[in-house]
Amino acid sequence: MARRQALTPGKAALLMLGVGTLALMGLPGFGPDAPPAGALAGVVLDPSGDTLSGVEVALFDGQTLELVELAKSDALGRFAFQHAPWNHHVFANPAASTGLVPRWELDRERSDPGVLELGLDAGTPTTITVTDEAGAVLPRAEVRVIDGHDDAVVARVMTDAAGRATVVLPDEYHLGVLAADENLAPHWIYAATPSSSELAVALEAGRWIEGRVVSSDGDPLAGLVVSAWNRSNGDWRWLGYDLARADGSFALLGTGATHLRALDPEQAVLPGAWNVDALEGPLELLLDPGEPLLMRIEGDSPASRVWVYDELRGLWSWGSATDAGGSLAVQTAERVTIHAEPLDGRGAALEESVTREPGAPLVLGKRE
Amino acid sequence: MQRSTRLFLSLFGCVACASFATAAIARDAERAAALERARVEQVLVLSERTARMLGQLHDVPDLVFVHGAEEGR
Chain A
1 MARRQALTPG KAALLMLGVG TLALMGLPGF GPDAPPAGAL AGVVLDPSGD
51 TLSGVEVALF DGQTLELVEL AKSDALGRFA FQHAPWNHHV FANPAASTGL
101 VPRWELDRER SDPGVLELGL DAGTPTTITV TDEAGAVLPR AEVRVIDGHD
151 DAVVARVMTD AAGRATVVLP DEYHLGVLAA DENLAPHWIY AATPSSSELA
201 VALEAGRWIE GRVVSSDGDP LAGLVVSAWN RSNGDWRWLG YDLARADGSF
251 ALLGTGATHL RALDPEQAVL PGAWNVDALE GPLELLLDPG EPLLMRIEGD
301 SPASRVWVYD ELRGLWSWGS ATDAGGSLAV QTAERVTIHA EPLDGRGAAL
351 EESVTREPGA PLVLGKRE
Chain B
1 MQRSTRLFLS LFGCVACASF ATAAIARDAE RAAALERARV EQVLVLSERT
51 ARMLGQLHDV PDLVFVHGAE EGR
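Just so you know, the protein sequences line up as chains A and B, in that order.
Position one of the first sequence corresponds to residue 1 (our numbering), numbered consecutively onward.
Position one of the second sequence corresponds to residue 1 (our numbering), numbered consecutively onward.
If you are wondering where the hints come from, they were derived from the structure by calculation, not from laboratory data.
Beta carbons are placed, not taken as given, at the ideal position from N, Cα and C, and that holds for glycine.
The reader is advised that the hints may include incorrect statements.
[As the list claims (entries may be wrong)] Derived, one-sided and incomplete: chain A residues facing chain B with beta-carbon distance under 8 Å: (1) N93; (2) I146; (3) L221; (4) V225; (5) S227; (6) W274; (7) W307; (8) H339.
If we strip away everything but chain B, and leave its shape as in the complex, we get (with noise of 0.2 Å):
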């Protein structure tokens, strides 16, 4: 194999591998970032129980914040 070959299938190693990890970094970063929304996502859902206790101390309707849901939440 000539030298420029071995040159070229090695730069080219290079640049395939360092795309490959920059993919899987962007991959893992997206994941990452979705987890976290779904964290907050399920805290928020969850956050309705102790919404809905306050709910009778300030005397704020449940339906104003339940947009869509049937009454009695």
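Extracted from the complex, chain A is given alone in its bound form (with noise of 0.2 Å):
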């Protein structure tokens, strides 16, 4: 039987020298060093890969949107979180003195592996001067700013009294402009890139437009995604959509030659298209619910979106994801054109014109 060694002075000072040694390096929960503790760990970085101090971190709750929490990245750039529900998002937003552009990571779980690493890359800060048509400045106009890397707001901020706001646009970006006055028409730029440190915006006064979205048996279609494009000068400019509320109504601001669309997010029911100047009296949006399709994507990355081109409509649907395995059930006119592109950006789109047949299902992308 092995015997217990009284610990002498001599042992207990070499002891102590040890785990002061290990604090000093810098072990975990040890020394002057010790990172932020809690349920969520992280660090900030800059777009050298250096750590980032003073950045503000903010936690969402992944179902209900909600903040859980906020932290700041220490001297280390490192942060933590005491709360982490399951499925979270967490949001680093640096200064816009910085010059970076803030960074979303979405749908995260709580069981995911290593520290959180946010790297922040350099953008364009621009100031952005919101007026009406007339030149009339803007206060209190919000100005919205889309990453086009993963399509996530990065900025909401709201123009001061001289109808300013200063944003760090990243190197691809949309950005949505939306006065205070309920009147004025929202002003959307997208799919740009930066050219210039200040960017003028003219809101124009729109008309409002509203009616319902129906089945063709009249019944209501909540839901439904309506959409309003300006087609002025052989141009298509997007002016914002309304969600289909339980007894299908919308309202939404049109401006000049004002089309509108309206999507089904299930694909349910086929898209439609209208020029509102065309129509009279309360709009009363007509849905075809066309024919079932089961479709299945097959190759090396099946999980795809889904896009279906109406031919005889000239219209594009919703995209819907596919289940994993690549299967797709929609509603779709007879003679269509089916695009799809894999969920995880590997492999190319695919694109085939088909003619819907009763029952069978269609595959696509299959190897001869």
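With the hints as a guide, bring both chains together as one complex.
Here it is in structure tokens:
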């Protein structure tokens, strides 16, 4: 049997020396550089990979989208949250003066391994001046920036008394300007790259367009996306959208020659499009139910986002995701073109024109 | 068939063929442009999720940006 040895003063001194040395080496949880402790830890990095201090980091619940906790990166760029909902989103929000683009980490799970690294990219600081058509500045207008890389909103800033707001634009972005005056139509710029440190946006007066979306049986179609486009001068300019309420009603602003599109994210009815100027009286947008089509994408990356083009009406559907095996059931017209892109971004998109055949599942991307 | 008739038919065929090909190219280009618009439209609609979260962070009133939508959407 091993005998337990007594702790002599000499051994105790050696032990204390060892522990002290480890603490000075920065062992996690010890010494002056101990990282913040919590249920979820991470680090903020600048574009060269160096740690970045003083950056606000926000944690949101993945289900409710509610703000759960705020933290700030310490002198070594580290941060920690005390709470971590099972599904969550994290947002790093550097000050605009840093010239860095805020960044999201979306759809994380508490079980995701490792320390969360939030690497920030440099952007282009840009001052946006918002006016109405007559040139009067518009305070309290919202300037919204969407990062073109992940399609997430990275800034929502209100204009000041001079109608100005400064944001940091990513190298690919979409930008929305939305006035506090509900009669001024929103202005959207999409798929843009920064070209100047100053940007002027003049908001047009709009007219309210109200109506209902209904099925061919007259039933209201709740949850449909009704989207407005200005088609003046041969250009297409997006004006915004509304979601149809339980009674199928919607209301949005149009300007110029306004074109409405109604899209079902579930693809349970066919998309529809209308030129508002050609319609009279209360708008009742009737959507064709189409016929069911079951499709399956084959290949190395079958899970895809699928858009369906109605050849007769010349309309694309909402882009719906297949299941992991590449299957999707949608309502379609008889002659359609299917456009599918792999959800994992690997592999090429496929596009195929087909005529729907009753009952027969459509297989796409099949190797001969 | 006379030579002039054959020549005329050949030329007519070429012109018809070219017109058809041009129309098909224009149709494909319009379809591709329409797909880009549909894609952008979807991106902007779906970005609402992150916009709502940022609204809490930046204290931006939601009703400013969702024109015509019911409260709390």
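Hints, one by one, checked against the model:
With a cut of 8 Å, the hint placing N93 (chain A) at the interface with chain B holds, because the nearest CB-to-CB distance is about 7 Å. A hinted interface residue such as I146 (chain A) counts as satisfied when its beta carbon comes closer than 8 Å to some beta carbon of chain B; here the least separation is about 5 Å, so the hint holds. Using the Cβ-Cβ criterion of 8 Å, the hint placing L221 (chain A) at the interface with chain B is not satisfied: the shortest such distance is roughly 16 Å. A least Cβ separation of about 6 Å between V225 (chain A) and chain B falls short of the 8 Å threshold, and the interface hint therefore holds.
Hint status for S227 (chain A) relative to chain B: holds, with the closest Cβ pair at about 5 Å, below 8 Å. Here the hint on W274 (chain A) is broken, as its CB sits about 15 Å from the closest CB of chain B, past 8 Å. Interface restraint check: W307 (chain A) against chain B, minimum CB-CB distance 6 Å, threshold 8 Å, status holds. Evaluation of the H339 (chain A) hint against chain B yields a held restraint, the C-beta minimum of about 6 Å falling below 8 Å.
Taken one by one, the earlier hints fail for this structure at numbers 3 and 6, listed in ascending order.
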